[in-house]
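Protein chains in written order, with the working numbering: chain A, 279 to 797; chain E, 1026 to 1114; chain X, 10 to 127.
There could be a bad hint or two in this list.
Here are the computed lysine to any residue pairs in the SDA-like style, where the Cα-Cα straight-line distance is at most 20 Å [said to hold, decoys possible]: (1) E:K1113 to A:F587; (2) A:K287 to E:E1107; (3) A:K588 to E:N1068; (4) A:K287 to E:P1084; (5) A:K668 to X:P74; (6) X:K99 to X:D39; (7) A:K343 to E:K1113; (8) A:K651 to X:D39; (9) A:K608 to A:T695; (10) A:K350 to E:V1092; (11) A:K351 to E:D1086; (12) A:K665 to A:P646; (13) A:K323 to A:V535; (14) A:K696 to X:L87; (15) A:K665 to X:G71; (16) A:K525 to A:R596; (17) A:K717 to X:S11; (18) A:K762 to A:Q741; (19) A:K312 to X:L87; (20) A:K696 to X:E123; (21) E:K1063 to A:V535; (22) A:K668 to X:A77; (23) A:K291 to E:Q1088; (24) A:K708 to X:D19; (25) X:K88 to A:T695; (26) A:K708 to X:D110; (27) E:K1113 to A:N582; (28) A:K726 to A:D703; (29) A:K291 to E:H1100; (30) A:K696 to X:W86; (31) A:K588 to E:H1100; (32) A:K588 to E:D1065; (33) A:K323 to X:G71; (34) X:K91 to X:I69; (35) X:K88 to A:K343; (36) A:K696 to X:R115; (37) A:K717 to A:G698; (38) A:K696 to X:S11; (39) A:K708 to X:D103.
Just so you know, the hints here were simulated from the structure itself, not pulled from any lab data.
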Amino acid sequence: MDTRVAKKKLGLKDRYAAMTRGLGWETTYQPMDKVFPYDKYEGIKIHNWDQWQDPFRLTMDAYWKYQGEKEKKLYAVIEAFAQNNGQLGVSDARYVNALKLFIQGVTPLEYYAHRGFAHVGRQFTGEGARVAAQMQSIDELRHYQTETHAISHYNKYFNGMHHSNHWFDRVWYLSVPKSFFEDAITGGPFEFLVAVSFSFEYVLTNLLFVPFMSGAAHNGDMSTVTFGFSAQSDESRHMTLGIECIKFLLEQDPANVPIVQGWIDKWFWRGYRLLTLVAMMQDYMLPKRVMSWKEAWEMYAEDNGGALFKDLARYGIREPKGWKDACEGKDHISHQAWNTFYNYSAAAPFHTWVPTDEEMDWLSQKYPTTFDKLYRPRLEFYREQQKAGKRFYNKTLPMLCNTCQIPMVFTEPGDATKIGYRESDWRGNKHHFCSDHCKEIFDNEPEKFSQSWLPVHQIYQGQCFEPGTDPTAEGFDPLLAVLKYYQLDVGRDNFDFEGSQDQKNFAAWRGDAPQGEQQ
Amino acid sequence: MSNVFIAFQHNEESRPVVDAILADNPNAVAVHTPGLVKIDAPNRLQIRRATIEEQTGRPYDLQQLHVNLVTLSGHIDEDDDELTLSWKH
Amino acid sequence: MSVVALERYDIPARDVRENFPAPLLYIGWDDHLMFCAPFCLPLPPDTPFGALAAAVLPGIYGEHPDFAKIDWSKVQWLKSGKPWTPDPAKSLADNGLVHKDVIRFRTPGLTGIEGSCS
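Isolated chain A, as found in the complex (with noise of 0.2 Å):
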């Protein structure tokens, strides 16, 4: 009788190394420098291709396998929201404006990211990293087209999601998105890897996604915390790639370590900037409250944030430049944020309200020291105004920051009452900025970031017209003819929550009273 003897199979190790390192080689026809044109330019030396780690090895096979598995279970439960009618059980109407955000802004960067990464998959000379790049890029197209899938259910029912993508090249706020990755895809693949795998996917991911996420769960909506989930392991993975490309970088050569530290200081300000909109949310978009942004600051910078740059130590990186006054905003952005959205109400494609005296009071005991002395008082003026028919719209054009492309609403650190101005001379024109982080970036690389597409400054040239639009025109509406091009709907997409077509019909379907007969 024979026994039965397993074949002998290689390890995980060595059949990742087969399958991806085993698949290179060093061009004969061509010289490498010309197969690989950007690998050297930005002065990063790599000696030893070899070093490179995988931490994940995911196989062709066994990625198919388990994000088929992933795939089937997501659709399911989209399919199953939408059978149920699951729009109908989120906590309130006003909480899809956060999805709109999420559509209209962070969706359409994972399509960048999608690109980007295919980019760089051809750039480095070493296959493990262009091997884990590429993976990547297919991972960035599943979440644009899942997140699409799972909004687009919401897209039937609610207004403001329906045009995103043109929106994206057009709208005011979602140039600082759109800067954002424009920024990270024009550099060289190893400020990219920083940029994006380390900056973003490592150190501030999670201040991204858990907000959204757990703000879905707690507000009913399933269809979003499955999207959540079934990304974030994905998201697992670029967290690893992001973690060991810095360590790659960091132990190949000492000459990387000033370079890297450079453009961990620009990324980390810029990413820090982008989640702006994400404190907005969470403190204010959320009817049913998860934690504040502070207190996410706290959990997934400070505590988590601190023990990597520890870590980093010991190749001589410390914390981003930009790090004490990122801190000290924690207090500050959201309310900021929200404010600027509640000014510009009538320019952006989403709603906004004036908070309830329960989500205030809420808004006092998670920001003691200022929210009831610099933030509420306002609000509680703009629901005066309201009630008296005066709702407050600012209908003039704001300045923009030169490198994040927000209005210019950051306060100077330790002064929360005062606006911070920076400005740099470049070229005998003056270009501004909301912080000195943000100017320090403009410093370095004035050449780049004179070329900003800033809204503002686009409208005053005329850009943001229709053709055949006649500025001198009897009657023209400078701000009417702005959101035609936009293609906003207005009276539908914009203005405030309350009288909005999405207030009224989720009220119909429900059979409840509309909120503000409540109050």
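Since chain A is already given, all that's left is putting chains E and X on it; use the hints.
Frame of chain A; chains E and X shown alone:
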């Protein structure tokens, strides 16, 4: 000393994985929030395929945990039998 | 060239004066953060500075309860963050204001909604 952590979707598939981790890592602590279970451990956390198989009574491919993994923190070392998270310094 | 690149980039800045119908001026009202940020306005350079307070600022700041209380003779001005004394009779250009200059005004005693600087 800093914590490493790993978080899973809270469901029947991840339950034996969580139980295995807690069995193998005496200093690990599991915390539940809606839909999520997060396990923190000081400095180092080890996930062993063999322990998971003891929980379930059937073969387990360690990479299966990708399906329910949400997030993690720490340097990773992975092979067919173990996945380890650690802060080296 | 500071930016690290494979080629030289000599592209004119996107926001040079020629691209606008008038020079841009940024204006902020200190301690009145109800207006979330300073404003950006293209203003003809021959606009008399005094016309700002009379004709421009009411349209952009008038909704604030403090605005009607402003005593313009006591207002303090800053240009690029430094104390500055404009001549209301002179034009913006003759007051030295150029494209993308930033000015701020302070209204001592007026501290916003309920004294919160909003």
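Under the criterion that the straight-line Cα-Cα distance not exceed 20 Å, is the pair K665 (chain A), G71 (chain X) satisfied?
-> holds, 19 Å
K91 (chain X) paired with I69 (chain X) [C-alpha distance capped at 20 Å] = Violated, at about 23 Å.
Agreement of K762 (chain A) and Q741 (chain A) with the hint, judged by alpha carbon distance not exceeding 20 Å = Holds, at about 13 Å.
Agreement of K696 (chain A) and R115 (chain X) with the hint, judged by alpha carbon distance not exceeding 20 Å | holds, 11 Å
Agreement of K525 (chain A) and R596 (chain A) with the hint, judged by alpha carbon distance not exceeding 20 Å = holds, 14 Å
For the pair we were handed, K88 (chain X) and T695 (chain A), check the Cα-Cα distance against 20 Å.
-> Distance ~19 Å between K88 (chain X) and T695 (chain A) Cα, so the pair holds.
Pair hint outcome, K717 (chain A) versus S11 (chain X) [Cα-Cα no greater than 20 Å] = Judged against 20 Å, a Cα distance of about 14 Å means the pair holds.
Straight-line alpha-carbon gap K696 (chain A) to W86 (chain X), limit 20 Å = This hinted pair holds, its Cα atoms lying about 15 Å apart.
Could you grab the alpha-carbon distance between K696 (chain A) and E123 (chain X) and see if it respects the 20 Å cut-off?
-> Between K696 (chain A) and E123 (chain X) the Cα gap is close to 16 Å, so the pair holds against 20 Å.
Given the hint that K696 (chain A) pairs with L87 (chain X), does the C-alpha gap stay at or below 20 Å?
-> This hinted pair holds, its Cα atoms lying about 13 Å apart.
Quickly compare the C-alpha distance for K696 (chain A) and S11 (chain X) to 20 Å and report which way the hint goes.
-> violated, 32 Å
Measure nothing beyond the straight line between the CA atoms of K287 (chain A) and E1107 (chain E); if it is 20 Å or shorter, mark the hint as holding.
-> Given pair K287 (chain A), E1107 (chain E) holds - Cα atoms ~17 Å apart, limit 20 Å.
Against the hints set out earlier in the document, violations occur for numbers 6, 7, 12, 19, 21, 33, 34, 35 and 38.
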